[in-house]
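**Q** So the chains spell out like this:
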Amino acid sequence: MIIYGVAVLAGCLLAGMIVGDLLGVLLGVEANVGGVGFAMLLLIVLTDRMRRAGKFPPHSADGVLFWSAMYIPIVVAMASTQNVVSAVSGGPIALLAGVGATVACWALVPVLSRLGGAEEPLPPISEEAEV
Amino acid sequence: MELISEVLIKNGLLFAFLVVGAVMWASYFLSHKLTNGRFHGSAVAIIAGLVLAYIGGLFTGGSKGMADIPLFAGLGIMGGAMLRDFAIVSTAYGVDLGEIRRSGLVGVLSLILGIFISFIVGAVIALMFGYTDAVSMTTLGAGAATYIVGPVTGTALGASSEIVALSVAAGLVKSVLVMIGTPFIAPLIGLNNPKAAMAYGGLMGTTSGVAGGLAATDKRLVPYGAMTATFYTGLGCLLGPSVIYFLIRGVMGG
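Sequences listed follow chains F and A, in order. For the first sequence, numbering that gives the first Met the number 0 assigns the number 0 to the initial residue and increments by one for each residue that follows. For the second sequence, numbering that gives the first Met the number 0 assigns the number 0 to the initial residue and increments by one for each residue that follows.
Some clues are possibly wrong.
[As the list claims (entries may be wrong)] Far from chain F by the CB rule (all over 10 Å, computed), these chain A residues: (1) F28; (2) K32; (3) T34; (4) T131; (5) V134; (6) S159; (7) V242; (8) L246; (9) G249; (10) M251.
[As the list claims (entries may be wrong)] Computed, partial: chain F to chain A, Cβ under 7 Å: (11) G33; (12) M39; (13) I43; (14) S67; (15) Y70; (16) A76; (17) V108; (18) L111; (19) E118; (20) P120.
[As the list claims (entries may be wrong)] Some chain F residues judged to face chain A by a derived CB distance under 7 Å, without partners named: (21) G36; (22) N82; (23) T101; (24) S112.
No wet-lab data here; the hints were simulated from the structure. A virtual CB, placed ideally from N, CA and C, is assigned to each residue, including glycine.
Using the sequences plus the hints, can you model the full thing?
**A** As structure tokens, this is what we get:
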């Protein structure tokens with residue numbers, strides 16, 4: 000059933016959030032440390048095991064894949080609720096600090112991604128397959 | 000008229016699906032008609048979303064873009080942290096764990112470098128504008144990391160509300176720039192494979208920026224970028240008011 004996939008996904012995110020919040024408390028910071036990351040690792044490992052045991056049929060996977068397909072629309076909704084006015088009207092200090100940090104880090108991407116050998120680009124994909 | 004708007008407000012999330020669906024359709028239509036699909040529809044849609052957020056913010060004077068207009072409050076639910084994180088995690092389904100393990104070291108390095116460089120750039124800009132005290136420099140640097148690290152660090156260090164507001168604005172500039180700029184910069188910096196995406200998430204750190212930017216570039220990169228970016232804000236909040244503050248205070252001599 001589709002709900003099984005949705006339930007596994009929700010369970011992974013909740014578990015990851017709890018671990019991230021606990022880690023934040025342990026480190027003494029008021030932030031979630033890596034919750035989404037832990038949730039992703041849990042989802043990858045758990046669904047892989049379940050699939051191998053034959054307990055995660057395609058219908059269950061559909062429950063996860065639906066949300067994956069909703070990712071871009073959700074990000075568009077997120078973009079439409081950002082505080083863009085503040086970003087635009089923050090004045091030259093905010094603008095320079097934000098742009099400066101972004102550009103400096105952009106420049107480092109090729110350096111870091113070449114550490115230990117560069118990777119092949121992903122194969123091209125058609126728009127229909129992606130969306 | 001009132002009856003209609005009441006229904007739409009009461010069922011805000013459903014109306015948000017309708018609105019976003021329309022934005023997506025218009026964006027992909029424009030992408031095909033005007034750029035022959037070369038400029039990706041998802042990138043157009045995200046920019047359209049940001050433009051709507053700007054209009055909403057101007058119209059209401061609030062901080063949540065379109066979601067401050069009652070009719071469009073459902074966008075705040077659809078694009079809020081809960082569903083966003085839910086969708087991000089779902090993109091990890093089917094990802095190869097070996098890939099993440101192979102690029103793990105690059106991910107860790109990118110986090111540390113990304114946080115330190117953002118703080119340094121922000122602190123130097125603060126200094127250029129005459130903020131010579133370590134607290135203000137660190138707080139603006141924290142804002143250049145993300146708009147959450149900024150106020151957390153500023154509050155911990157007791158920075159003035161003026162500098163905290165600036166740090167939030169700096170973080171928002173970064174987030175918006177990453178959302179819009181990623182698809183343009185991606186070919187120049189080789190952002191086309193999982194390892195580069197992991198480095199990207201760690202260097203940029205802003206979850207919304209990375210989530211939007213990679214969606215506009217290639218959705219298959221999202222889980223790798225999100226994996227590292229999710230550690231950034233927490234680490235920034237940890238390092239900012241401690242190690243980095245002491246370093247900056249050491250350099251500035253109190």
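**Q** If a hint holds in the structure, say so; if it does not, say that too.
**A** Outcome of the hint check:
Consistency note on A/F28: stated as away from chain F, and its beta-carbon is indeed over 10 Å from all of that chain's, at 13 Å minimum. Distance check on A/K32: its Cβ is at least 14 Å (rounded) from any Cβ of chain F, clearing the 10 Å threshold; non-interface status holds. Consistency note on A/T34: stated as away from chain F, and its beta-carbon is indeed over 10 Å from all of that chain's, at 12 Å minimum. The beta carbon of A/T131 sits about 14 Å from the closest Cβ of chain F, which is more than 10 Å, so the claim that it is off the interface holds.
For A/V134, the condition that its CB be more than 10 Å from all CB atoms of chain F holds, with the nearest at approximately 15 Å. With a least beta-carbon separation of about 13 Å from chain F, A/S159 lies farther than 10 Å from that chain, consistent with its non-interface assignment. With a minimum CB-CB distance of about 12 Å to chain F, A/V242 clears the 10 Å threshold, and the non-interface call stands. Once the 10 Å rule is applied to beta carbons, A/L246 is consistent with being away from chain F; the minimum gap is 17 Å.
The beta carbon of A/G249 is kept farther than 10 Å from every beta carbon of chain F, the shortest such distance being approximately 21 Å. With a least beta-carbon separation of about 17 Å from chain F, A/M251 lies farther than 10 Å from that chain, consistent with its non-interface assignment. This hint holds: F/G33 has a C-beta 4 Å from the nearest C-beta of chain A, less than the 7 Å allowed. The interface hint given for F/M39 is met, as the beta carbon of that residue sits about 4 Å from the closest beta carbon of chain A, less than 7 Å.
Look at F/I43: its Cβ gets to within about 5 Å of chain A, closer than 7 Å, so that hint holds up. Against a cut-off of 7 Å between C-beta atoms, the interface hint on F/S67 holds, since the closest Cβ of chain A lies about 4 Å away. Taken as an interface hint, F/Y70 checks out: its beta carbon lies about 4 Å from the nearest beta carbon of chain A, inside 7 Å. This hint holds: F/A76 has a C-beta 3 Å from the nearest C-beta of chain A, less than the 7 Å allowed.
Interface hint at F/V108: satisfied, since its Cβ lies 4 Å from the closest Cβ of chain A, which is below the 7 Å cut-off. Interface hint at F/L111: satisfied, since its Cβ lies 4 Å from the closest Cβ of chain A, which is below the 7 Å cut-off. Interface hint status for F/E118: upheld, as the beta-carbon distance to the closest one in chain A is roughly 4 Å, under 7 Å. Taking 7 Å as the C-beta contact cut-off toward chain A, the hint placing F/P120 at the interface holds, the least distance being around 4 Å.
About 4 Å separates the beta-carbon of F/G36 from the nearest beta-carbon of chain A, less than 7 Å, and the hint is met. With 7 Å as the threshold, the beta carbon of F/N82 comes within range of chain A, its nearest partner Cβ sitting at about 5 Å, so the hint holds. This hint holds: F/T101 has a C-beta 5 Å from the nearest C-beta of chain A, less than the 7 Å allowed. Taking 7 Å as the C-beta contact cut-off toward chain A, the hint placing F/S112 at the interface holds, the least distance being around 4 Å.
Violated hints: none; the structure is consistent with every hint.
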